[in-house]
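Number of protein chains: 2
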Amino acid sequence: MLVVGIGQCSWDCLAVADRYPPANSKCEVRHWQEQGGGPVATALVALSRFGVPGRFLGVVGDDTEGEKIRSCLQREGIETVGLVTRKHASSQKAFIAIENTAGSRTIFWQRPTGSPLLPEELPRDFLDGCSFLHLDGLMKDVSLSAASQARDKGIPVMLDAGSSRPGMEALANSCDYLVAAERFALEMGWDGTMEGFQSFAARFSSAVVTVTLGERGSITRHGRETFALPAFPAVTVDTTGAGDVFHGGYLFGLLQGLSLEDTIRFASAAAALKCGRIGGRAGIPDVASVLRFLDDKGVSLRAWPGVMQTPRDPSKARET
Amino acid sequence: MLVVGIGQCSWDCLAVADRYPPANSKCEVRHWQEQGGGPVATALVALSRFGVPGRFLGVVGDDTEGEKIRSCLQREGIETVGLVTRKHASSQKAFIAIENTAGSRTIFWQRPTGSPLLPEELPRDFLDGCSFLHLDGLMKDVSLSAASQARDKGIPVMLDAGSSRPGMEALANSCDYLVAAERFALEMGWDGTMEGFQSFAARFSSAVVTVTLGERGSITRHGRETFALPAFPAVTVDTTGAGDVFHGGYLFGLLQGLSLEDTIRFASAAAALKCGRIGGRAGIPDVASVLRFLDDKGVSLRAWPGVMQTPRDPSKARET
Numbered sequence: 018m019l020v021v022g023i024g025q026c027s028w029d030c031l032a033v034a035d036r037y038p039p040a041n042s043k044c045e046v047r048h049w050q051e052q053g054g055g056p057v058a059t060a061l062v063a064l065s066r067f068g069v070p071g072r073f074l075g076v077v078g079d080d081t082e083g084e085k086i087r088s089c090l091q092r093e094g095i096e097t098v099g100l101v102t103r104k105h106a107s108s109q110k111a112f113i114a115i116e117n118t119a120g121s122r123t124i125f126w127q128r129p130t131g132s133p134l135l136p137e138e139l140p141r142d143f144l145d146g147c148s149f150l151h152l153d154g155l156m157k158d159v160s161l162s163a164a165s166q167a168r169d170k171g172i173p174v175m176l177d178a179g180s181s182r183p184g185m186e187a188l189a190n191s192c193d194y195l196v197a198a199e200r201f202a203l204e205m206g207w208d209g210t211m212e213g214f215q216s217f218a219a220r221f222s223s224a225v226v227t228v229t230l231g232e233r234g235s236i237t238r239h240g241r242e243t244f245a246l247p248a249f250p251a252v253t254v255d256t257t258g259a260g261d262v263f264h265g266g267y268l269f270g271l272l273q274g275l276s277l278e279d280t281i282r283f284a285s286a287a288a289a290l291k292c293g294r295i296g297g298r299a300g301i302p303d304v305a306s307v308l309r310f311l312d313d314k315g316v317s318l319r320a321w322p323g324v325m326q327t328p329r330d331p332s333k334a335r336e337t
Numbered sequence: 018m019l020v021v022g023i024g025q026c027s028w029d030c031l032a033v034a035d036r037y038p039p040a041n042s043k044c045e046v047r048h049w050q051e052q053g054g055g056p057v058a059t060a061l062v063a064l065s066r067f068g069v070p071g072r073f074l075g076v077v078g079d080d081t082e083g084e085k086i087r088s089c090l091q092r093e094g095i096e097t098v099g100l101v102t103r104k105h106a107s108s109q110k111a112f113i114a115i116e117n118t119a120g121s122r123t124i125f126w127q128r129p130t131g132s133p134l135l136p137e138e139l140p141r142d143f144l145d146g147c148s149f150l151h152l153d154g155l156m157k158d159v160s161l162s163a164a165s166q167a168r169d170k171g172i173p174v175m176l177d178a179g180s181s182r183p184g185m186e187a188l189a190n191s192c193d194y195l196v197a198a199e200r201f202a203l204e205m206g207w208d209g210t211m212e213g214f215q216s217f218a219a220r221f222s223s224a225v226v227t228v229t230l231g232e233r234g235s236i237t238r239h240g241r242e243t244f245a246l247p248a249f250p251a252v253t254v255d256t257t258g259a260g261d262v263f264h265g266g267y268l269f270g271l272l273q274g275l276s277l278e279d280t281i282r283f284a285s286a287a288a289a290l291k292c293g294r295i296g297g298r299a300g301i302p303d304v305a306s307v308l309r310f311l312d313d314k315g316v317s318l319r320a321w322p323g324v325m326q327t328p329r330d331p332s333k334a335r336e337t
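Quick note, the sequences are listed as chains W and C, same order.
Residues in the first sequence are numbered from 18 upward in steps of one, following the working numbering.
Residues in the second sequence are numbered from 18 upward in steps of one, following the working numbering.
To be clear, the hints were calculated from the coordinates, so they are not data collected in a lab.
Bear in mind the structure is a predicted one, so any value in this text is a computation, not a measurement.
In this text, a Cβ means the ideal position worked out from N, Cα and C, and glycines have one as well.
Among the hints, erroneous ones may be present.
[To be verified] Restraint ranges, calculated between C-beta atoms of paired labels, are given here:
1. H105(C) to S216(W): 55 to 61 angstroms
2. P247(W) to D158(C): 49 to 55 angstroms
3. G206(C) to G234(W): 46 to 52 angstroms
4. A299(W) to D145(C): 46 to 52 angstroms
5. D158(C) to P183(W): 55 to 61 angstroms
6. R47(W) to D35(C): 24 to 30 angstroms
Just chain W, same shape as in the assembly (with noise of 0.2 angstroms):
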């Protein structure tokens, strides 16, 4: 089993607030850390953190943000060898203000200064072995070129789609799950209520469409039928990567063979226990983890298959 990722990696410093500020103010903050970041590769270290080993490709500059976002994914047992490093060139990089009463997070960030990842740069064996393909759109050329050749291998494809981005919609077209984000939605004509689903998740006809909306939980569209699933309360610090760590919950849950309504379960579950912490990472939880929050909260997943209930060791990953 391997999940192959390719889109954002950053190296984000993260702060805490009391409150946003408004423009113009000086505001002293506290708690000042840094980690990697980025929906496909955080989503990825969520799902190494629940033993399903990946493979990430992208693009990094050749500054020491680079060097970090590299070695942090091969801590965590990532390959990177289609990790791509651009010369005289910065790193994707991130400041996420935290606020600490509201549990919101705002996040400025810069993608990469070199040029895309390109579909010629695909290393030839990129998708062997792999289970799943997961994409954020980002790089648009280089994710439809792979979105096209998993099609043709039979390997799935997920999307990550944060914003209505140009080339998003060919790109949802060609995947198999599209797990979108509330404004990606609403940019691409979502109205917001439920009654109105169905015909924004139609245009996306081929696809199992599921739209995150934070706190308020999640909307599913599968075939003919539409389903709501609320989120997990749980104690709130920080929501940064909360999305990311719901995809390597995802694709963990389809993985793992679960219906789709415990899929959803788990990776809410998986993004409640991420919160707990600050940063996008940080606070990933091992599949025990999220198997005793769900317990706690009096929910049992139906199929679940009883295999990898134990965190695996990084250490023992392929090493890149």
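Fit chain C to the known structure of chain W by using the hints.
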């Protein structure tokens, strides 16, 4: 001629956003860059570019930011023997979001996590050769001690008061020049009017009091005289550090023997020129550029002594 500064030194990340984002959103930024900052440290850098050597005392942590803060000050020709490195501590850091259209900057900053400089850590000879002491009051005890020692030696003291921190009023009353931000004045009871300024400034009866008002210029009280001066219109890319450069220019004008009004004109012109580039330091002009700018605006400094009009070569400065 030498200015001693005790106060904040920071490692700043700066980035430009089209608009300052609302809380809990993602904002793509550009022109991400890093440079040294901090009110007193940047004022000393400005003085150094004007040809006046500086000696900086403060604290950094034993992190890479601390190394960068120190080496950047040294490259500007500033003595850093009194810059103490705290072990297992972070240096002061900031993320500064610059709003492209408005020229406003929003500063998220964390103070150094190591303990402040202590009065007993002031080297015995820290005021040797000193013509002016410049303070920002973040480290209360050492600032009060240094101000007292300076006054005993007949060395004038300037306080850059950004906000009404504990101990700030006592410190302001130990200074000869209180050059404060509007926020400090409002927090200390100024009603914001020209008429109310005299009674606000009378609280600091022994000092010349100037309050800076950004693009609205400044108000100054000297004895019984109160006068307002406008800011110079200029191309504004980023206002970060404009106040710090104003302080550097103010100190320079006083050291050059300019009249108080001409001193403030020089300081305003230097601050206006700084705003043409991103960051607190990149845009600091040399003296010739300030004089050319003033000339272009039809302003001639009455008592300009005609010395030090060429930028000083930092490589010829005292080495630490």
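field: Hint check against the structure, violated hint numbers in rising order
entry: none
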